[in-house]
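Here the protein sequences come in this chain order: X and U. Residue numbers for the first sequence follow the working numbering, so the first one is 1 and each next one is one higher. Residue numbers for the second sequence follow the working numbering, so the first one is 1 and each next one is one higher.
Keep in mind that the hints were calculated from the coordinates and are not lab data. Note that the Cβ used here is the ideal one computed from N, Cα and C, for glycine as well. Among the clues, some could well be false.
[As the list claims (entries may be wrong)] Here are some of the chain U residues that sit facing chain X, going by a computed Cβ distance under 7 Å:
#, residue
1, Ile78
2, Arg117
3, Leu118
4, Asp119
5, Leu123
6, Asp131
7, Asp132
8, Trp151
[What the hints assert, rightly or not] Here are the computed lysine to any residue pairs in the SDA-like style, where the Cα-Cα straight-line distance is at most 25 Å:
#, chain 1, residue 1, chain 2, residue 2
9, U, Lys16, X, Lys16
10, U, Lys16, X, Pro121
11, X, Lys16, U, Pro125
12, U, Lys16, U, Arg68
Residue-level listing of the chains:
There are 2 protein chains.
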Amino acid sequence: MRIAQVAPLIESVPPKLYGGTERVVAYLTEALIDMGHEVTLFASGDSNTRARLVSTCPRALRLDPAVRDPLPHTLLLIERVRQMADEFDILHFHVDLLHFPTFRGYKHRSVTTLHGRLDLPDLLPFAREFDDMPVVSISDAQRTPLPFMNWVATVPHGLPKDLLTFQPKPEGYLAFLGRISPEKGPERAIRIARRAGLPLKIAAKVDRADQAYYETVVRPMLRQPGIEFLGEIREAEKSEFLGNAVALLFPVDWPEPFGLVMIEAMACGTPVIAFRRGSVPEVLDDGVTGLIVDDEAQAVRAIEHAQRLDRRAIRAVFERRFTAERMAADYVSVYRRLLQHEYNGKLEEAA
Amino acid sequence: MRIAQVAPLIESVPPKLYGGTERVVAYLTEALIDMGHEVTLFASGDSNTRARLVSTCPRALRLDPAVRDPLPHTLLLIERVRQMADEFDILHFHVDLLHFPTFRGYKHRSVTTLHGRLDLPDLLPFAREFDDMPVVSISDAQRTPLPFMNWVATVPHGLPKDLLTFQPKPEGYLAFLGRISPEKGPERAIRIARRAGLPLKIAAKVDRADQAYYETVVRPMLRQPGIEFLGEIREAEKSEFLGNAVALLFPVDWPEPFGLVMIEAMACGTPVIAFRRGSVPEVLDDGVTGLIVDDEAQAVRAIEHAQRLDRRAIRAVFERRFTAERMAADYVSVYRRLLQHEYNGKLEEAA
Chain X
1 MRIAQVAPLI ESVPPKLYGG TERVVAYLTE ALIDMGHEVT LFASGDSNTR
51 ARLVSTCPRA LRLDPAVRDP LPHTLLLIER VRQMADEFDI LHFHVDLLHF
101 PTFRGYKHRS VTTLHGRLDL PDLLPFAREF DDMPVVSISD AQRTPLPFMN
151 WVATVPHGLP KDLLTFQPKP EGYLAFLGRI SPEKGPERAI RIARRAGLPL
201 KIAAKVDRAD QAYYETVVRP MLRQPGIEFL GEIREAEKSE FLGNAVALLF
251 PVDWPEPFGL VMIEAMACGT PVIAFRRGSV PEVLDDGVTG LIVDDEAQAV
301 RAIEHAQRLD RRAIRAVFER RFTAERMAAD YVSVYRRLLQ HEYNGKLEEA
351 A
Chain U
1 MRIAQVAPLI ESVPPKLYGG TERVVAYLTE ALIDMGHEVT LFASGDSNTR
51 ARLVSTCPRA LRLDPAVRDP LPHTLLLIER VRQMADEFDI LHFHVDLLHF
101 PTFRGYKHRS VTTLHGRLDL PDLLPFAREF DDMPVVSISD AQRTPLPFMN
151 WVATVPHGLP KDLLTFQPKP EGYLAFLGRI SPEKGPERAI RIARRAGLPL
201 KIAAKVDRAD QAYYETVVRP MLRQPGIEFL GEIREAEKSE FLGNAVALLF
251 PVDWPEPFGL VMIEAMACGT PVIAFRRGSV PEVLDDGVTG LIVDDEAQAV
301 RAIEHAQRLD RRAIRAVFER RFTAERMAAD YVSVYRRLLQ HEYNGKLEEA
351 A
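Throw the hints in and build the complete structure from the sequences for me.
Spelled out as structure tokens, the structure:
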């Protein structure tokens, strides 16, 4: 199949720094190429890919000090896709909803993965208008605020099988990996570790937007014994960081659309202790790959149980459910069903 | 002619508060209706117009506490215009560049007035791609950073003839009207008034973004004798505020794309003392409607000269050059030339 993948321009594909969506697009693109598809990647010029790369800006917008407004750059990217649209069988977008007005006429062979949270009231009237555009969710929970959209599949994220290394024997610490922001629950993680009497290693970046929260709330908590703050770590350091942990704490306090770090931990064989929010019950097999809890006391009690889970079984679930190969196969199935007009209901109705 | 006017959604048309673009769209819309045209206004639902109103949101986005992101609302508006496009002879946009990808196929009967500054590097690659879209500048100076665009006319703004009242005999103060922000030069205005030994009345709003500048720089200067800060004034208060001034100070320190307050002063018969930046030399007739200066010392010396200018002559220039009727006639001429394919060069080339 001739496939166009359209990535955000904020980070390169894959990203040099943080950037979940761009990482998933990179994994998907390479996996589709491995399957023999002809992939064109629309992304920033400093992207690194085996696909044909089409760029409208030389480098990732977040790293370009001259860029103040990403919007015209993204609109230009969308226009370039439109101009080249006839070269592809299928157009796969990862740029939120910005391309909907331009690509409504292409809806029979275009699909959009929505990567973010969808519970923002501003999206509602727009999504109602475009309820015929085929969209993919990254968890069923993510759809909840916009159930009327033309959901054609849920495709959970996946990682390249050998990106992270299985670790059969962990060391004796708990891990927290992510952004320092209220919705990711770093305070909860610290309290849980302290009550359990286990060391906690925190690998996290602090966005400019969360600087005040870090300084006033989190930093004072870091002085407690056993709490170690490593800052942001590189991709290459994740295997060791996650693999050596007895469990990953994922105490989220928001409707998490997916939560990549959960499957990263699983790839290392590390169980996850996660709060029951958003995608968590879909991503975790409770009692197998981790434990789902409703409050901090349950999380503290879950730590001992988590340490008794079979780490090889966790890795086996990762290999079955969360590889990039599985993700790419899911998307190819979506593409084929789209091209065979199997989403006729809504698609034809509004055509 | 059946004309669609597409306004920003940030403020209503006309705006209840600040909002230059929405005010101009309101004046243009009503003037086109006076000329006998059939106008449809795409704007927020709380707009007040004699045109047919088409809305995609119930109220101005700036006044809606539920709105965090205006973008999906504006994209929805653009989609609504696309759906109804065949009902109009001409589509006139005032929403920056956001509609370009959707309306490229309508470029023979669509035109866009660019209302903002165009010297932002982010615009450059996007504008190069869309150099076939017919655009109107509000001053020749505004075009400078993007000379390669398909400029079809410069149409200076205009006000309804009787919106503001001519005042033959001013009181003895200088006026500053606008936003408190570095580019509008309130500090300069205060220094100029102090050196000239004349009172200065400042009618200005302070945006959240400019709060720190106001507190640390401007507010301490307000304590000086003769400086009076009135805060934001209503439209109805402008005639008195501007008309009673011996001169308006317009000491801008940025490439001002137009500067509505200059023609508001002229409508009252009040001369303008303005710095030579952006549109100023196009809007002011130096020595007739005001005086153009290059530094604060010149501005101080200009005050006496300004007081000797003929206020009736200033009003006469306003009536000749800057009424909404003239503006609407200019736009109708643009529409006609577009529909007669008189901009064939670039339009046909890229068709």
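Hints versus structure:
1. Ile78: Holds, because the Cβ-Cβ distance from Ile78 (chain U) to chain X comes to roughly 6 Å (cut-off 7 Å).
2. Arg117: violated, 12 Å
3. Leu118: violated, 11 Å
4. Asp119: At 12 Å from the nearest chain X Cβ, Asp119 (chain U) fails the 7 Å test, so the hint is violated.
5. Leu123: holds, 6 Å
6. Asp131: violated, 12 Å
7. Asp132: violated, 12 Å
8. Trp151: violated, 18 Å
9. U:Lys16 to X:Lys16: violated, 46 Å
10. U:Lys16 to X:Pro121: Holds: Lys16 (chain U) and Pro121 (chain X) sit about 24 Å apart, inside 25 Å.
11. X:Lys16 to U:Pro125: This hinted pair holds, its Cα atoms lying about 24 Å apart.
12. U:Lys16 to U:Arg68: holds, 19 Å
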